[in-house]
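Asks: Quick one: dock chain against chain with the hints and give me the complex.
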Amino acid sequence: MAVNPVTDLVREMQKWHFMALELNLFLDTHPANRRALEDYNRAARRFRELWERYEREVGPLMDHGFSESPGDWKWPKGPWPINTGI
Amino acid sequence: MPDMPSQTEGAGDQGRLPQFCNLAEAYVPMQEYGPQYSPEEALERGTLWPALYRPFSCRLKDKEDASWQ
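If you're matching them up, the sequences are chains P and U in order.
For the first sequence, my numbering gives the first residue as 1, with consecutive numbering after it.
For the second sequence, my numbering gives the first residue as 1, with consecutive numbering after it.
Note that these hints are calculated values from the structure, not bench results.
Treat the hints with care, since some could be wrong.
[As the list claims (entries may be wrong)] Which stretches of chain P does chain U cover? Using the computed rule of at least three CB atoms under 8 Å from a CB of chain U, they are:
| id | stretch |
| --- | --- |
| 1 | 18-26 |
| 2 | 32-38 |
[Unchecked claim] So these bits of chain U aren't anywhere near chain P, every CB distance computed over 12 Å:
| id | residue |
| --- | --- |
| 3 | L17 |
| 4 | P18 |
| 5 | C21 |
| 6 | N22 |
| 7 | L23 |
| 8 | A24 |
| 9 | A26 |
| 10 | Y27 |
| 11 | E32 |
| 12 | Y33 |
| 13 | Q36 |
| 14 | Y37 |
| 15 | A42 |
| 16 | W49 |
| 17 | R54 |
| 18 | S57 |
Since the model is a prediction, treat every value here as computed from it, not as a measurement.
Don't be surprised by glycine CBs; every beta carbon is placed ideally from N, CA and C.
Just chain U, same shape as in the assembly (with noise of 0.2 Å):
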């Protein structure tokens, strides 16, 4: 199995896919009732859960890979 990308800060080992999955079909992994933010850094993030949180951040490497751009 190739290397998957690395997850963002936060994000952790959280969520589950069961141990087999079929073939050709999509899967998208329950939340587990993980850590939380506190209710202000919560509201600053714009969600509770550090596994959600997933700032956008475009890299010099991608804008040049971009080729819409």
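Just chain P, with the same shape it has in the complex (with noise of 0.2 Å):
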């Protein structure tokens, strides 16, 4: 069970981005599948807001240009991944 809202989002977007996967992965053998790209993008996108969404609420996820950090130098900041109960 998820102990906190940073650990229910990194839930979630491990959720989204396994989805992702998995439909690339289908993709990939079926490129002309138009069912499997729509749900695809559904999927990449859910994934990319719940992502913008941490950022904005958490912190930087990608470091080494990957991620702004406005404001301060938020790498080194928490929480880590180990911090998080995932």
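Replies: Here you go:
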């Protein structure tokens, strides 16, 4: 069971990331399947929204230029993955 | 044709082989866009597809039969 809001958010991200991954693999062998493509795009959009929400509310998810750090340098600040209870 | 082992839960009848297959050639049936688990359940089971869910379960009979144990 989730223990805090950050854990809930990370769990939600994992779910939609996995959905996108599975549909990605299906599309690798069925690139013309429109339903798979629509479902993939929906999962990717949901994942990106959750990613953006995480960075807005918690902090950057990647360093080395993949995420901005507005205001101050947030990368060393928590929570680290080991702190999220996942 | 001898009986094939029964499919595990959820495997259903998805995936089709050609009606006529050449002898001595291996075939992999193409996956069809079938039923999906919910995102929560997919993450738990490690697959989005009920047709691909094959949990490993070692039954007692198999253990007794396994010569490597």
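Asks: All the hints need checking, so say for each whether the structure fits it.
Replies: Each hint, compared with the structure:
Residue count for the stretch 18-26 of chain P with a Cβ under 8 Å from a Cβ of chain U: 5. That meets the three needed, and the coverage hint holds. Counting residues of the stretch 32-38 of chain P whose beta-carbon sits less than 8 Å from any beta-carbon of chain U gives 3, enough to reach three: the coverage restraint holds. With a closest Cβ-Cβ approach of about 16 Å to chain P, L17(U) is found to remain outside the 12 Å limit, as its non-interface label requires. Chain P leaves P18(U) outside its interface by the beta-carbon criterion, the shortest separation being 17 Å against a cut-off of 12 Å.
A cut-off of 12 Å between C-beta atoms confirms that C21(U) is not in contact with chain P; the least separation is 19 Å. Against chain P, the non-interface label of N22(U) holds: every CB pair exceeds 12 Å, the least being about 22 Å. Distance check on L23(U): its Cβ is at least 25 Å (rounded) from any Cβ of chain P, clearing the 12 Å threshold; non-interface status holds. Its beta-carbon lying about 24 Å from the closest one in chain P, A24(U) satisfies the requirement of being farther than 12 Å from that chain.
In this structure A26(U) is separated from chain P by more than 12 Å, as the shortest Cβ-Cβ distance comes to about 17 Å. Once the 12 Å rule is applied to beta carbons, Y27(U) is consistent with being away from chain P; the minimum gap is 15 Å. Against chain P, the non-interface label of E32(U) is violated: not every CB pair exceeds 12 Å, the least being about 9 Å. Not every C-beta of chain P lies more than 12 Å from that of Y33(U), the closest at about 6 Å, which undercuts listing it as non-interface.
At roughly 8 Å, the least C-beta separation between Q36(U) and chain P is not larger than 12 Å, which violates its mark as non-interface. A beta-carbon of chain P is positioned within 12 Å of the beta-carbon of Y37(U); the least distance is around 9 Å. The beta carbon of A42(U) is not kept farther than 12 Å from every beta carbon of chain P, the shortest such distance being approximately 6 Å. Look at W49(U): its CB is around 7 Å from the nearest CB on chain P, not clear of 12 Å, so calling it non-interface is violated.
Against chain P, the non-interface label of R54(U) holds: every CB pair exceeds 12 Å, the least being about 15 Å. Separation of S57(U) from chain P is adequate, the least Cβ-Cβ distance of about 23 Å exceeding the 12 Å criterion.
This entry does not satisfy hints 11, 12, 13, 14, 15, 16, going by the numbered hints stated previously.
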